[in-house]
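Asks: Take these sequences, add in the hints, and give me the full structure.
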Amino acid sequence: MQPGILQNIINYFSDLENRPIERMAFLVGGLLLFWIIEGAIPLLTLKYKKTKLKHALTNLGFTLMHLLIHTALAIFIVMLSDWCQQQGFGLVYWFNAGILGTILVSFLVLDFFGGWLVHIVEHKLGFLWRFHVVHHADNNVDATTGLRHHPVESVLRGVFFFIAIFLSGAPIYAVMIYQTVLILAVAFTHANISLPKWLDNGMSYILVSPNMHKVHHHWKQPYTDSNYGAVFSIWDRLFGTFKKLDPTSIRYGLDRYYPNEKDEDFISLMKKPFQKLDA
Numbered sequence: 252m253q254p255g256i257l258q259n260i261i262n263y264f265s266d267l268e269n270r271p272i273e274r275m276a277f278l279v280g281g282l283l284l285f286w287i288i289e290g291a292i293p294l295l296t297l298k299y300k301k302t303k304l305k306h307a308l309t310n311l312g313f314t315l316m317h318l319l320i321h322t323a324l325a326i327f328i329v330m331l332s333d334w335c336q337q338q339g340f341g342l343v344y345w346f347n348a349g350i351l352g353t354i355l356v357s358f359l360v361l362d363f364f365g366g367w368l369v370h371i372v373e374h375k376l377g378f379l380w381r382f383h384v385v386h387h388a389d390n391n392v393d394a395t396t397g398l399r400h401h402p403v404e405s406v407l408r409g410v411f412f413f414i415a416i417f418l419s420g421a422p423i424y425a426v427m428i429y430q431t432v433l434i435l436a437v438a439f440t441h442a443n444i445s446l447p448k449w450l451d452n453g454m455s456y457i458l459v460s461p462n463m464h465k466v467h468h469h470w471k472q473p474y475t476d477s478n479y480g481a482v483f484s485i486w487d488r489l490f491g492t493f494k495k496l497d498p499t500s501i502r503y504g505l506d507r508y509y510p511n512e513k514d515e516d517f518i519s520l521m522k523k524p525f526q527k528l529d530a
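Quick note: the sequence shown uses our numbering, first residue 252, plus one each step.
Just so you know, these hints were derived from the structure itself, not from any lab. Glycine included, C-beta positions come from ideal geometry on N, C-alpha and C. A portion of the hints provided could be inaccurate.
[What the hints assert, rightly or not] Below, computed lysine-lysine pairings styled on DSS-like, alpha-carbon distance capped at 30 Å:
1. 301 / 522
2. 375 / 522
3. 513 / 305
4. 301 / 527
[To be verified] Computed Cβ-Cβ distance ranges for the label pairs, DEER-style:
5. 518 / 345: 45 to 51 Å
6. 510 / 322: 30 to 36 Å
7. 497 / 517: 30 to 36 Å
8. 450 / 255: 46 to 52 Å
9. 270 / 454: 27 to 33 Å
10. 280 / 344: 51 to 57 Å
11. 339 / 292: 31 to 37 Å
Replies: Here you go:
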C-alpha cells in the first residue's frame, strides 16, 4: 500500500468518532447491501412471524440502543486510547509496531477480547447468558440479527473493548477501522446468504464466514456453544471451539430457554433477562 493512501486512510479514521452520521452510514449501508443479497441468494427459507420488515424493526430497536450506548462509551474509548498514546502504554508501543503493525496488533487484540472472549464468557456465566439469550432467541437469523443485543450486554461488550484498548494501546484510528469492519462483518455473517461451499469453507480458515456463524445460532448444544468469533475465526480454531454443521440441518431459536412465539416481542425480550429462564 502506498504511503500516501495509507496516510489518507489513517487521517479519515482518526476523527471518525466525531462524525456519527458517517459511522451510521456504514451500518445502514451494510445492512441494506446484505438485506438485498440475502433476498437474491437465501441460505434457508425463513418463516417470519408476520413480515420480514416487522422482524427487522424488532432487531433494529435493539441495534439503535446498542449504538446509543456505544456512542456514549466512545468518549471513554477516546480518552483511554489517548492516554495509552501519551504514556506509550500497550503492545503497539512496547513493540514499536509501526502503522501496519499497529493496525494488525490492534485488530487481533480487539477481536480477541471484544469479539471472542466476551462472547464465550456470556455463554459460560449464567447471569450473563440471560442477557445474551436475546440474541440467540431470534428464530429467523438474517442481516438484522447481528446487533440484536440487550442493553446490558452492550455495556458488557464495551467493558471488554476497554480492556482490549488498554492492553493493545490501540490508537483511535485503529479502533475506528476495527469497529467499521466489525459492523460490516456482523451483518455479513448473520445474513441469510448462500455462498459457494468452496468460498465459505476457504474463508472460514481465517475469517468468520456466514455458514460458520450460523452453526453458532443452531438451537441445539453443543453447536450453540461453538464458533464464537466475530471477525477472525482463528480464535475458535486455536481454542477448540470450532464446529461444522451442514447448513441444511440448522434450525434457529432456543426452545429450552425462550418461547419461540415471543422472539419478536420487544418488551418481553427486554424484561426476560431479569426473570428466571425456563429450565
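Asks: Are the hints correct? Go through all of them and say.
Replies: Each hint, compared with the structure:
1. Note on residue 301 and residue 522: the hinted pairing holds, with a Cα-Cα distance of about 22 Å set against a maximum of 30 Å.
2. At roughly 21 Å between alpha-carbon atoms, residue 375 and residue 522 fall within 30 Å of each other, so this suggested pair holds.
3. The suggested pairing of residue 513 with residue 305 holds, with an alpha-carbon distance near 13 Å, which does not exceed 30 Å.
4. Between residue 301 and residue 527 the CA atoms are separated by roughly 28 Å; this keeps the pair inside 30 Å, and the hint holds.
5. The given range of 45 to 51 Å is respected by residue 518 and residue 345, whose C-beta atoms sit roughly 48 Å from each other.
6. Hint check: residue 510 to residue 322, Cβ distance near 33 Å, so the stated range 30 to 36 Å holds.
7. For residue 497 and residue 517, the Cβ-Cβ distance of about 33 Å falls inside the hinted range of 30 to 36 Å, so the restraint holds.
8. Separated by about 33 Å at the C-beta atoms, residue 450 and residue 255 break the suggested range of 46 to 52 Å.
9. One distance hint, 27 to 33 Å for the beta-carbon pair residue 270 and residue 454, holds here, with the actual separation near 30 Å.
10. Separation of residue 280 from residue 344 is about 34 Å and departs from the stated range, judged on CB atoms against 51 to 57 Å.
11. In this structure, residue 339 and residue 292 break the distance hint of 31 to 37 Å, their C-beta atoms being roughly 48 Å apart.
Hints 8, 10 and 11, counting from the list given before, are not met by this structure.
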